[in-house]
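Protein sequence lines correspond, in order, to chains X and S. Each residue of the first sequence is one higher than the last, beginning at 7 in the numbering used here. Each residue of the second sequence is one higher than the last, beginning at 7 in the numbering used here.
Don't read these hints as lab results, they were simulated from the structure. Beta carbons are placed, not taken as given, at the ideal position from N, Cα and C, and that holds for glycine. Hints are not guaranteed to be accurate.
Distance windows between CB atoms, simulated [unchecked claim]:
| hint | chain 1 | residue 1 | chain 2 | residue 2 | range |
| --- | --- | --- | --- | --- | --- |
| 1 | X | Ala84 | S | Ser66 | 34 to 40 Å |
| 2 | S | Gly71 | X | Asp18 | 25 to 31 Å |
| 3 | S | Asp29 | X | Val86 | 35 to 41 Å |
2 protein chains.
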Amino acid sequence: MIRLSVLYPTTDGAEFDHDYYRDQHVPLALRTWGLTEADAEVDRGVDGPYVAAVHLRFPSLEAMGTAMAVDGTAAVLADVANYTSITPVLQTSEIV
Amino acid sequence: MIRLSVLYPTTDGAEFDHDYYRDQHVPLALRTWGLTEADAEVDRGVDGPYVAAVHLRFPSLEAMGTAMAVDGTAAVLADVANYTSITPVLQTSEIV
Chain X
7 MIRLSVLYPT TDGAEFDHDY YRDQHVPLAL RTWGLTEADA EVDRGVDGPY
57 VAAVHLRFPS LEAMGTAMAV DGTAAVLADV ANYTSITPVL QTSEIV
Chain S
7 MIRLSVLYPT TDGAEFDHDY YRDQHVPLAL RTWGLTEADA EVDRGVDGPY
57 VAAVHLRFPS LEAMGTAMAV DGTAAVLADV ANYTSITPVL QTSEIV
């Protein structure tokens, strides 16, 4: 099982719309990549370097690659501007 | 629900014993803080800045604070040297 974590560093002067992220953007990403709500967790930072994050579970690296190769991924990336100007950190891991 | 993520940045010249982490250290932390295996996920980095991580779920910030205030926490921290010299990044978030 693979975890893709998208981590948004807290950045002075940059905002993050948590409601839009949870209610609009992450559902768009899930629909685009064939994931369900059970495959995703959205975090709102309380303490530490990240203001927000999402953790997405894929069955394998191959499944993740296939899912993200769809045309709709461009729309997901374009949607980011609707909730933040922060560039996220991407971490791919195997859940052991 | 609260997530405590302990993220180990990949560091030149520093090693990380994934087996010890998964089989010894994380179970010690779970026993010390009253968590079960269902409350924890251990990640092995595949791509991105972190070589390893653990994600621990607590019912609340208060529960996390109470759990980590036990005397055994010192032993958990001392155990880190048995698997790495890397200083982790700690992120506390609310799972929304």
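Going through the hints against the structure:
1. X:Ala84 with S:Ser66: 34 to 40 Å: Holds, since alanine 84 of chain X and serine 66 of chain S (Cβ atoms, about 37 Å apart) stay within the stated range.
2. S:Gly71 with X:Asp18: 25 to 31 Å: Between glycine 71 of chain S and aspartate 18 of chain X, where Cβ atoms are some 28 Å apart, the hint holds.
3. S:Asp29 with X:Val86: 35 to 41 Å: At 39 Å between Cβs, range holds.
Checked against the numbered hints given earlier, this structure breaks none of them.
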